[in-house]
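Here the sequence shown is numbered in the UniProt record's numbering, starting from 1 and rising by one per residue.
Source of the hints: derived by calculation from the structure; they are not laboratory data.
Pairwise CB distance ranges, derived in the manner of DEER restraints:
1. GLY98 / LYS50: 49 to 59 angstroms
2. ARG66 / GLY98: 55 to 65 angstroms
3. PRO46 / ASP96: 47 to 57 angstroms
4. GLY52 / PRO73: 17 to 27 angstroms
5. ASP102 / ALA124: 17 to 27 angstroms
6. ASP74 / ALA125: 21 to 31 angstroms
7. LEU75 / GLY97: 34 to 44 angstroms
8. ASP74 / ALA94: 36 to 46 angstroms
The beta carbon of each residue, even a glycine, is placed where N, CA and C say it ideally should be.
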Amino acid sequence: MADGNGDTGYADGIDGVDEMDAVGTLTGEDADEPYETSYSPPDYEPSDAKFGMTHSEELAGEGLERKLSRELPDLCETDAADDVQDSRAGRLVAPDGGMGEDTTPEELAWDAGIAGAAASAEEAAVHIVSDPDRPYDDEDTENPYDDTLERA
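Full structure from sequences and hints, please.
Structure below.
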């Protein structure tokens with residue numbers, strides 16, 4: 001029966017229906033629930049939200065110049081391979097000339113140039129790649145093998 005405030009017919013629940021377990025609901029006490037129910041926004045603006053959001057933009061349409069400005073060039077593996085083939089290293093010489101104890105944890109070597117094209121298999125497999133953190137690249141630091149290096 002109803003009291004003066006509204007329907008109370010379902011206040012006690014429905015007979016014969018089991019209550020849901022609190023862990024199985026989205027309001028339960030499950031430890032992993034915040035990860036399963038939360039929303040994580042994307043790191044970038046979706047492309048469909050950049051243009052055409054207003055009625056006037058939708059009617060005008062997006063111009064070809066604007067579409068082309070968003071395009072990225074295709075990178076292909078042959079482009080990178082062509083760059084590397086031209087920069088083959090020659091004889092590899094340790095900074096100390098191979099004398100004494102090796103105190104650096106990194107593998108360092110200088111390109112001393114091709115010596116009669118008789119490079120070992122390991123040296124032939126090495127290609128010069130520009131590295132901004134490589135030592136002796138700036139003008140202030142003296143390179144101990146500067147007289148043997150061929151500068152491009």
